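Asks: Just need the whole structure built from these sequences, with the hints factored in.
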Amino acid sequence: MEFISAIISGLSMGGTYAMIALGYTMVYGIAKMLNFAHGDVIMVGAYMLFVAIVSAKLPVWVGIMIAILVCTIFGIVIERLAYKPLRGASPLAVLITAIGVSFLLQALAQIVFGSEQKNVSALMINGSLKLGEVSIDYSTLVTLAVAAVIMVALTLFVKLTKVGRAMLAVSEDRDAARLMGVDVNFVIMITFIIGSALAGVAGVFKLMKSPAVTPTLGAMPGIKAFTAAVIGGIGSIPGAMVGGVLLGIVEAICLKTPIAAYTDAIEFAILIIILLVKPSGLLGKKRREKV
Amino acid sequence: MKDFLKNVKWKHYINYIAVAAFALIFGIIGLAGGLKGSTEYMLEKFAIAIILAVSLNVVVGFLGELSLGHAGFMCVGAYIGGKVASLLDKGADNIGVLLLAVMIGGSVAAVFGFIIGLPALRLRGDYLAIVTLAFGEIVRTIFMNTSSESFGGTLGLRTPRYDSSYLFIFGFILVLICLAVTQNMMRSKHGRAITAIRDNEIAARATGVNVTKYKLIAFTVSAFFAGVAGVLYSHSNYTVQSSVFDYNYSIEILVMVVLGGMGSINGSIIAATLITFLNLQLSTVLTGDLAVLKNLIYAVILVLIVIYNNAPALKHFRERYNLRALLDKIIKRKKDPSDQKDDEGAWDRVPTKIEMNELLSTDIIVTESVQDPDKGGKS
Amino acid sequence: MSEYVLETVGLGISFGGLKAVQDCNIKIKENEIYGLIGPNGAGKTTVFNMLTGVYQPTYGTFYLCGEELKGHSQEVINRCGIARTFQNIRLFNNMTVIRNVMVGLHNDPKYSCNFFESILRLPKHFKAEREMRARAKELLDIFGLLEDRNQLAYNLPYGKQRKLEIARALATGPKLLLLDEPAAGMNPHETEELMQTIKFVRDKFDMTILLIEHDMSLVSGICDRLTVLNFGQTLAEGGVEEVLNDPAVVKAYLGD
Chain W
410 MEFISAIISG
420 LSMGGTYAMI
430 ALGYTMVYGI
440 AKMLNFAHGD
450 VIMVGAYMLF
460 VAIVSAKLPV
470 WVGIMIAILV
480 CTIFGIVIER
490 LAYKPLRGAS
500 PLAVLITAIG
510 VSFLLQALAQ
520 IVFGSEQKNV
530 SALMINGSLK
540 LGEVSIDYST
550 LVTLAVAAVI
560 MVALTLFVKL
570 TKVGRAMLAV
580 SEDRDAARLM
590 GVDVNFVIMI
600 TFIIGSALAG
610 VAGVFKLMKS
620 PAVTPTLGAM
630 PGIKAFTAAV
640 IGGIGSIPGA
650 MVGGVLLGIV
660 EAICLKTPIA
670 AYTDAIEFAI
680 LIIILLVKPS
690 GLLGKKRREK
700 V
Chain V
14 MKDFLKNVKW
24 KHYINYIAVA
34 AFALIFGIIG
44 LAGGLKGSTE
54 YMLEKFAIAI
64 ILAVSLNVVV
74 GFLGELSLGH
84 AGFMCVGAYI
94 GGKVASLLDK
104 GADNIGVLLL
114 AVMIGGSVAA
124 VFGFIIGLPA
134 LRLRGDYLAI
144 VTLAFGEIVR
154 TIFMNTSSES
164 FGGTLGLRTP
174 RYDSSYLFIF
184 GFILVLICLA
194 VTQNMMRSKH
204 GRAITAIRDN
214 EIAARATGVN
224 VTKYKLIAFT
234 VSAFFAGVAG
244 VLYSHSNYTV
254 QSSVFDYNYS
264 IEILVMVVLG
274 GMGSINGSII
284 AATLITFLNL
294 QLSTVLTGDL
304 AVLKNLIYAV
314 ILVLIVIYNN
324 APALKHFRER
334 YNLRALLDKI
344 IKRKKDPSDQ
354 KDDEGAWDRV
364 PTKIEMNELL
374 STDIIVTESV
384 QDPDKGGKS
Chain H
-12 MSEYVLETVG
-2 LGISFGGLKA
8 VQDCNIKIKE
18 NEIYGLIGPN
28 GAGKTTVFNM
38 LTGVYQPTYG
48 TFYLCGEELK
58 GHSQEVINRC
68 GIARTFQNIR
78 LFNNMTVIRN
88 VMVGLHNDPK
98 YSCNFFESIL
108 RLPKHFKAER
118 EMRARAKELL
128 DIFGLLEDRN
138 QLAYNLPYGK
148 QRKLEIARAL
158 ATGPKLLLLD
168 EPAAGMNPHE
178 TEELMQTIKF
188 VRDKFDMTIL
198 LIEHDMSLVS
208 GICDRLTVLN
218 FGQTLAEGGV
228 EEVLNDPAVV
238 KAYLGD
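Chains as they are written, first to last, in my numbering: chain W, 410 to 700; chain V, 14 to 392; chain H, -12 to 243.
Worth flagging that the hints you see were computed from the coordinates, not collected in a lab. In this text the structure is predicted, and so the values were computed from the model without any measurement. You may find that some hints are simply not true.
Claimed, not checked - Derived lysine-lysine pairs resembling DSBU-like cross-links, with alpha carbons at most 35 Å apart: (1) H:K57 to H:K238; (2) W:K466 to W:K539; (3) H:K191 to H:K16; (4) V:K342 to W:K493; (5) H:K191 to V:K226; (6) H:K97 to V:K24; (7) H:K6 to W:K571; (8) H:K97 to H:K238; (9) V:K226 to H:K238; (10) H:K147 to H:K114; (11) H:K147 to H:K162; (12) H:K191 to H:K162; (13) W:K568 to H:K6; (14) W:K493 to V:K307; (15) H:K238 to V:K24; (16) H:K147 to W:K493; (17) H:K57 to W:K687; (18) H:K124 to V:K342; (19) W:K665 to V:K96; (20) W:K568 to W:K618; (21) H:K111 to V:K226; (22) H:K6 to W:K687; (23) V:K96 to V:K307; (24) H:K147 to H:K191; (25) H:K162 to H:K14; (26) W:K618 to V:K307; (27) V:K307 to V:K328; (28) V:K307 to V:K49; (29) H:K147 to H:K97; (30) H:K57 to H:K14; (31) V:K307 to W:K466; (32) V:K24 to V:K226; (33) V:K328 to W:K493; (34) H:K186 to H:K57; (35) H:K114 to V:K24; (36) V:K24 to H:K147.
Replies: Now the structure itself:
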């Protein structure tokens, strides 16, 4: 019973990780860059919820809309100012810039909002669904349901729309896509818009479970969600979902055992092992460098 | 003798001379008792930062791989070295103990560097960066959860702080050793092999460079000196706390390397000194929430410098206006490259922009097993 | 000692079911210039990649002077005596021209000097460096690149980059040199010059050369024998005249 409840609480964390991992996987798959600042966009979303709901006393749903919108705007601005100038430059340069942007967002948040914790309790969903001896929090159900809906929607978007197919083309071969008339810059921007909006949703999820908002709120979940994206296979939308949920469950089980203090270490160790043993992840494709 | 002096390539030794002169001046003042404790502390921090930046540059600038776990190696060195010293030391400042701590701390860190070098054989770019980051966090978590008798756990490990001036002098001697090792390495066939891997790994393999060996050497040397810096840290402070060696610290070292110019050892020295100085000065001026302004400045520096140095659109601008061109103008340096001595090539001037033309170089290369094992067809 | 410098026996590879190259049998005698031609996508570069250890062959094997090299890594194969150039030039762009060549000399036992000898600056280091530099200069001189030795490889004009790549490959002291489309992107004049260079390399270094080329004037001008690949299969092989007049080859190139 202990075990089942651990899995259920893992599902709840897993939903959040899946949401972040979806953003990572989209951006990595299409722009071919590890957007280190992705986790910090979640933090921006959480602060926007705080501003809208606590400071401005707006209704919750308006707050959520504003948070997602602001995250999207941040995504566009970051992409345009920091990443676009480096298109075609070395991947090392892009990676370092992404780290710089992540740092910048954290520092900005701390200057604007201070380092002390802010609380947004309006998003907390209390109560749980009782199924015999097992009880599932409503927040877990909402998280998982929303994550699943978004995953399906994204898959359909990529498969069925023109922009989605352009995304696939860019992820396959950027130069060839350009030659075929695909506006690569536009496609990458759309990717960032989607990724950032997902980060906003992830921010909402985060506050549904615990009300605390701090400048470093997104950093650790961001890195862990990257683990999830890698486990699932980077670039794979269902993979991100699977990876996120798996990671959440592993984390929840670890937290229930005597080695709880090592949870982070264990998760990172899993990451290293997966990268070494099966870097293409569970659902990813293998790539080969052309000689 | 005169001929000998003429033949010495002074350009190669200028950084040793500068560092030695700097240490000597402060050393004389310090031993005469003319330095404040805070100044000595600052000098110790300079030495630590220079060693860290130069050693990170070996991996980032010369091998061309991003390591985000440099603070992790330092953490290992600090804990192991601090433990060795606190086990052996009887309270007095003892140079022998210090030396032993440096050797052991550095060596243990080097072993970890070797272990982290192993993934580097299979992974590149983003994936390797994330592995090094994960490594740093794992090391930190493990030390944080040790018992209070072994490594002090969350409270940290108490270490003997060396009070007398010679710690910073010793620190600068270590800086000189670090410079000697890294520069001698880079200015030899072994260094050439490492930069060849950075420039084009496939071509390096085809030219017979033992990529495995040289990647491991680069990571091991880099980690060794990070460990040495850690030992120095443990002697410069009263306690070693694992929370210090977090991801942010790794980034701070990276900022030094990027600011100084990737692949430029002299640049790393200058940037490390500058940033450490600013750090210590700003920490007295900026208190409370303002302290974070420092991070803001670093972040802006990092982003701007990388974009400036790498953006394809700024290429012409960059070639016309840069520090080196300015220096050339000021001291009217001879520009004709054929007049240069062979050895004065571009070893420490170019790689601020690292050209990696391969579109897929961030992806994993699976060169050894081409057939997808899942689909059969094993050779 | 085998009669052939390179002998491939039933060499083939398949990528997840697709047979990229099948049953490739090439025999190259010492001091020969051997051409490997065929339409785009015929699997020529794949053959090179198998011979240099980038890909491991699925079927068959190959011998260099009688020594089986299948299964070795790229580094080991290079040290055993196969050096190559690439279709899209791969130089060490941020290194000077002379250093590019010196990397090629890295494994020559004449210039051996281990890591610690270099760090400690023992006399052996200086001796090795001096001799490597002298040798590199000799090689660069042969290719007319001596004046450019302190330029970054990246800044060289295209034709010189091609030459530098050949010089670097030769520096590794190979028994067999593989050239992947050496004349790609060159004008007729440069191609003519390249032909002279390749012949010169063969005579001066007693080299055996296998080259992929599309430029038929170059192929018929310097190759002793040819193999034609099409869809991964050997279409024809033999002397230049004979092969180029083979109806099957004409058909593959010009269509029906």
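Asks: Against each hint, give a clear statement of whether it holds in the structure.
Replies: Each hint tested on the structure:
A C-alpha spacing of about 33 Å is found between K57 of chain H and K238 of chain H, which places the hinted pair at or below 35 Å, so the restraint holds. Of the supplied pair hints, the one linking K466 of chain W and K539 of chain W holds, its CA atoms being roughly 33 Å apart against a limit of 35 Å. This hinted pair checks out: K191 of chain H and K16 of chain H have alpha carbons roughly 17 Å apart, not beyond 35 Å. Only pairs whose Cα atoms come within 35 Å are accepted, and K342 of chain V paired with K493 of chain W is accepted, the gap being roughly 33 Å.
Proximity of K191 of chain H to K226 of chain V is assessed by CA-CA distance (about 33 Å); at most 35 Å being required, the pair is judged to hold. Using a Cα cut-off of 35 Å, the hinted pair K97 of chain H and K24 of chain V holds, with the two alpha carbons roughly 29 Å apart. Distance restraint check for K6 of chain H and K571 of chain W: the Cα-Cα separation of roughly 34 Å lies within the 35 Å cut-off, and the hinted pair is therefore satisfied. For the hint pairing K97 of chain H with K238 of chain H, the CA-to-CA distance comes to about 51 Å; that exceeds 35 Å, so the pair is violated.
A threshold of 35 Å between alpha carbons decides the hint, and for K226 of chain V with K238 of chain H the separation of about 49 Å lies outside it, so the pair is violated. Our distance criterion of 35 Å between C-alpha atoms is met by K147 of chain H and K114 of chain H, whose separation comes to about 29 Å. Restraint check for K147 of chain H and K162 of chain H: satisfied, since their Cα atoms lie roughly 23 Å apart, inside the 35 Å limit. As the CA atoms of K191 of chain H and K162 of chain H are separated by approximately 13 Å, the hinted pair is consistent with the 35 Å bound.
Pair hint K568 of chain W plus K6 of chain H holds up; C-alpha atoms about 30 Å apart against a cutoff of 35 Å. Only pairs whose Cα atoms come within 35 Å are accepted, and K493 of chain W paired with K307 of chain V is accepted, the gap being roughly 26 Å. Straight-line distance between C-alpha atoms of K238 of chain H and K24 of chain V comes to about 64 Å, which puts the hinted pair past the 35 Å bound. For a cut-off of 35 Å, the pair hint linking K147 of chain H to K493 of chain W stands: about 33 Å separates their Cα positions.
Distance check on the hinted pair: K57 of chain H and K687 of chain W sit about 26 Å apart at the alpha-carbon level, within 35 Å; holds. Restraint check for K124 of chain H and K342 of chain V: satisfied, since their Cα atoms lie roughly 31 Å apart, inside the 35 Å limit. Distance hint between K665 of chain W and K96 of chain V is fulfilled; the C-alpha atoms sit about 32 Å from each other, no more than 35 Å. Between K568 of chain W and K618 of chain W the alpha-carbon distance is near 33 Å, which keeps this suggested pair within the 35 Å criterion.
As the CA atoms of K111 of chain H and K226 of chain V are separated by approximately 21 Å, the hinted pair is consistent with the 35 Å bound. Restraint check: the Cα-Cα separation between K6 of chain H and K687 of chain W comes to about 25 Å, which is no more than 35 Å; the hinted pair holds. For the hint linking K96 of chain V to K307 of chain V, the alpha-carbon distance of about 32 Å falls within 35 Å, and the restraint holds. This hinted pair checks out: K147 of chain H and K191 of chain H have alpha carbons roughly 19 Å apart, not beyond 35 Å.
A C-alpha spacing of about 14 Å is found between K162 of chain H and K14 of chain H, which places the hinted pair at or below 35 Å, so the restraint holds. Among the hinted pairs, K618 of chain W with K307 of chain V is consistent with the structure: their alpha-carbon atoms are about 32 Å apart, no more than 35 Å. Between K307 of chain V and K328 of chain V the alpha-carbon distance is near 30 Å, which keeps this suggested pair within the 35 Å criterion. Proximity of K307 of chain V to K49 of chain V is assessed by CA-CA distance (about 25 Å); at most 35 Å being required, the pair is judged to hold.
For the hint pairing K147 of chain H with K97 of chain H, the CA-to-CA distance comes to about 27 Å; that is within 35 Å, so the pair holds. Proximity of K57 of chain H to K14 of chain H is assessed by CA-CA distance (about 16 Å); at most 35 Å being required, the pair is judged to hold. At roughly 33 Å between alpha-carbon atoms, K307 of chain V and K466 of chain W fall within 35 Å of each other, so this suggested pair holds. For the given pair, K24 of chain V sits about 30 Å from K226 of chain V by alpha-carbon distance, which is consistent with the 35 Å threshold.
With a C-alpha separation of about 15 Å, the suggested pairing of K328 of chain V with K493 of chain W holds against the 35 Å cut-off. A threshold of 35 Å between alpha carbons decides the hint, and for K186 of chain H with K57 of chain H the separation of about 29 Å falls inside it, so the pair holds. Proposed proximity of K114 of chain H and K24 of chain V is supported: the alpha carbons are some 21 Å apart, at most 35 Å. Simply put, K24 of chain V and K147 of chain H have alpha-carbon atoms about 30 Å apart, close enough for the 35 Å limit, and the pair holds.
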